[in-house]
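Chemist: Here's the letter readout for the chains.
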Amino acid sequence: MILEFLINAVGLGALYALLTIGVALLFGVLGLMNFAYGELILAGAFAMYLFRDQPWPFALLMAIVFAVVVALVSERLAFHPLRNADPVTLMIASFAVSLALQSLARMTVLPRTRGVPPERFLSHRVSILGADVSVLDLVTLVLCGLMLLVVAWLMGRTSLGIQLRAAAEDFRMASSLGVKANLVIPAAFVIVGVLSAIGGAVLVARQGSVGADMGLQPMLIGVVGAVLGGMSSLKGAALGGFLLGAATALLESLLPTDLIAFRDAFLFSALIAVLVVRPQGLLSGAKVRVS
Amino acid sequence: MKNLNRLLAAVQTPAILVGLVLLAALVGVTGDVTTARVATLALVSVVFVVGLSVFSGNSGVMSFGHVMFMAAGAYTTAYLTIPVPLKKTLFSDLPGWLSWLAEVHSSFPVALLAGGLVAAVVGLVTAPVVARLSGLQSGIATLAMLLITYNVLNSWTEVTRGSSSMIGIPRGTTTWWAFGVAAAAVVVAWLYRCSRSGLQLRASREDFWAAQASGIAVGRHRATAWVLSALVCGLAGALYAGYLTSFNVNGFFLTATFSFVVMIVLGGYLSLSGAVVGALAVSALQEVLRRFQDGQFTGGNELPAGVADLIVAAVLLVVLVKAPYGLMGVRELRLPRLTRRGRGDAERSADATAKEPVSVA
Numbered sequence: 001m002i003l004e005f006l007i008n009a010v011g012l013g014a015l016y017a018l019l020t021i022g023v024a025l026l027f028g029v030l031g032l033m034n035f036a037y038g039e040l041i042l043a044g045a046f047a048m049y050l051f052r053d054q055p056w057p058f059a060l061l062m063a064i065v066f067a068v069v070v071a072l073v074s075e076r077l078a079f080h081p082l083r084n085a086d087p088v089t090l091m092i093a094s095f096a097v098s099l100a101l102q103s104l105a106r107m108t109v110l111p112r113t114r115g116v117p118p119e120r121f122l123s124h125r126v127s128i129l130g131a132d133v134s135v136l137d138l139v140t141l142v143l144c145g146l147m148l149l150v151v152a153w154l155m156g157r158t159s160l161g162i163q164l165r166a167a168a169e170d171f172r173m174a175s176s177l178g179v180k181a182n183l184v185i186p187a188a189f190v191i192v193g194v195l196s197a198i199g200g201a202v203l204v205a206r207q208g209s210v211g212a213d214m215g216l217q218p219m220l221i222g223v224v225g226a227v228l229g230g231m232s233s234l235k236g237a238a239l240g241g242f243l244l245g246a247a248t249a250l251l252e253s254l255l256p257t258d259l260i261a262f263r264d265a266f267l268f269s270a271l272i273a274v275l276v277v278r279p280q281g282l283l284s285g286a287k288v289r290v291s
Numbered sequence: 292m293k294n295l296n297r298l299l300a301a302v303q304t305p306a307i308l309v310g311l312v313l314l315a316a317l318v319g320v321t322g323d324v325t326t327a328r329v330a331t332l333a334l335v336s337v338v339f340v341v342g343l344s345v346f347s348g349n350s351g352v353m354s355f356g357h358v359m360f361m362a363a364g365a366y367t368t369a370y371l372t373i374p375v376p377l378k379k380t381l382f383s384d385l386p387g388w389l390s391w392l393a394e395v396h397s398s399f400p401v402a403l404l405a406g407g408l409v410a411a412v413v414g415l416v417t418a419p420v421v422a423r424l425s426g427l428q429s430g431i432a433t434l435a436m437l438l439i440t441y442n443v444l445n446s447w448t449e450v451t452r453g454s455s456s457m458i459g460i461p462r463g464t465t466t467w468w469a470f471g472v473a474a475a476a477v478v479v480a481w482l483y484r485c486s487r488s489g490l491q492l493r494a495s496r497e498d499f500w501a502a503q504a505s506g507i508a509v510g511r512h513r514a515t516a517w518v519l520s521a522l523v524c525g526l527a528g529a530l531y532a533g534y535l536t537s538f539n540v541n542g543f544f545l546t547a548t549f550s551f552v553v554m555i556v557l558g559g560y561l562s563l564s565g566a567v568v569g570a571l572a573v574s575a576l577q578e579v580l581r582r583f584q585d586g587q588f589t590g591g592n593e594l595p596a597g598v599a600d601l602i603v604a605a606v607l608l609v610v611l612v613k614a615p616y617g618l619m620g621v622r623e624l625r626l627p628r629l630t631r632r633g634r635g636d637a638e639r640s641a642d643a644t645a646k647e648p649v650s651v652a
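Protein sequence lines, in the order shown, are assigned to chains W and Z. Anchor point for the first sequence: position 14 equals 14 in our numbering, and the numbering is continuous, going up by one each time. All you need for our numbering is the position in the second sequence, starting with 1, plus 291.
If we strip away everything but chain W, and leave its shape as in the complex, we get (with noise of 0.2 Å):
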């Protein structure tokens, strides 16, 4: 009973942790507040939609690969022209983004929502220890866990990371230490093809269904909690994913049913707290990095 929950709540915790990344990371970078990540993670889960009778890690793969190519084509037309905007307009055309994707995808692929059948292997369960875990929170906690792993070691041991971080602290110093812009960017961009790609593929796996406006829930985890772990360092908006997703599956087994519903409107009641009393967010001891 404790492990089959503590494996929920961690799983969910490392896929909200997932989601916070993608976010945080080009607000370190470009200062953006991405409000299109949405639809990154929705050009995922149509991948997964559109391959749901191929292998499912050839459909992940495929998530990915549509995923970034939403991510560098949207960098490439919207926030290419706008390198240098403070980051409201940033803000602003993000959600010119997220509204142009999202129609794009209602006009083409998905006037409605679909149905994805559930993988069968997913849907199986399996005792470990004497619990009893069905595969898909399993697969998500491998997954996600996996995922930040390499995001770890990627941004700790690669010399791109290191230009990452560097630019994610710093972007005017670094770019005249001879950090490139056009590869940072990009880089940083494709990254958060990736990770949007896993989340949605997980997402998917998790609903059951592909809808034109999936995108906004997990979007929002993504702001709330990079805004609870500090918005400047990674590791700070991984910790603040993280206690987030570990926060919804305890609030969810806890809270009385009537109070449910209401949930979103403590979780971000406590985001505007936290904004106002601390700024550079709940577990980071950096100044933040605001417009």
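Where hints are given, some of them may not hold.
Stated by the list, open to error - Taking CB as the label site, the calculated pair distances span:
| hint | chain 1 | residue 1 | chain 2 | residue 2 | range |
| --- | --- | --- | --- | --- | --- |
| 1 | Z | V302 | W | E252 | 54 to 60 Å |
| 2 | W | A273 | Z | G506 | 28 to 34 Å |
| 3 | W | F5 | Z | V412 | 38 to 44 Å |
| 4 | Z | K613 | W | L160 | 31 to 37 Å |
| 5 | Z | D498 | W | E252 | 33 to 39 Å |
What the hints assert, rightly or not - Computed far set for chain Z versus chain W, every beta-carbon distance over 10 Å:
| hint | residue |
| --- | --- |
| 6 | A300 |
| 7 | T325 |
| 8 | V401 |
| 9 | L404 |
| 10 | N442 |
| 11 | V443 |
| 12 | L535 |
Since the hints were derived computationally from the structure, they do not count as laboratory data. Here the structure is a predicted model, which is why all the values come from computation and not from measurement. A virtual CB, placed ideally from N, CA and C, is assigned to each residue, including glycine.
Following the hints, position chain Z against chain W.
Modeler: Positioned in the frame of chain W, the structure of chain Z alone reads:
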């Protein structure tokens, strides 16, 4: 003569703007049913965007949450004007402490005022947050307020009917009512802009720290502007409910927010003229696009739903890239012949220095 000129210079911008609004109202009154509907809703948008501009235009802080004030105004109007017998069937499960909601009733003008006041109270409650935050944080916080409002309206089914539509509101708003409120909103916004508080707030928009250092209580003025703009946006919500006679909670969410943000950004969010011009222009654009999407220009070939949204989003992106301060920048509409040489040059250079605000934080 000199005094007369000065008076003219002071009132010309609001006069021109009221004239523009009057033009829209006349188009609505003389046109057919569809035109009247478009024109009236455009006037409601003018009220809303002018309200938004009272806060955003003067403080330079963008708000994504103002639609919640519109919702407050609309729901208040619904509670006050839906006939009592109908209301008793619509809200049969009201919790005890709110049962008086089913009994109250008033005429539309009273409901309009009440809608504005309720929104102002919501503004008063949220003002401390806005007073403390700047830039992006304020953007996120105001968006969070909208999400909270939406969540509560959507989930508190016994009181707000949740995701079912609010129906049976008597048609109170006419095109002339909408015009009257829009004109009043323009005048109030202009008066605030020229007031001591408005001037100090605009100073803080140009340079936050310099304004602080000069002893301006930026937070207090932001809060003042926030409450005033909440009041105006509440009026817009009341007009909206009184015109459509039914509405749904989804009308007060991100789609509406986005469409108003397009209006204010396209017009230029630092100027009151920009707000009015943007609201009217985007309303017209949306109607043209709607007809385009329905196939009225392409010989009956319907285009897939979403084309209009896509084009609006593309227009917004182009405006953000090419003219981040919109059509008007920081300028206001003026009569051309009043800018005589001496005065005109001084003003023009003042405009030039103010054209690129140092920061919008």
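Chemist: If you test the structure against every hint from before, which numbers come out violated?
Modeler: Numbers 5, 10, 11, in rising order.
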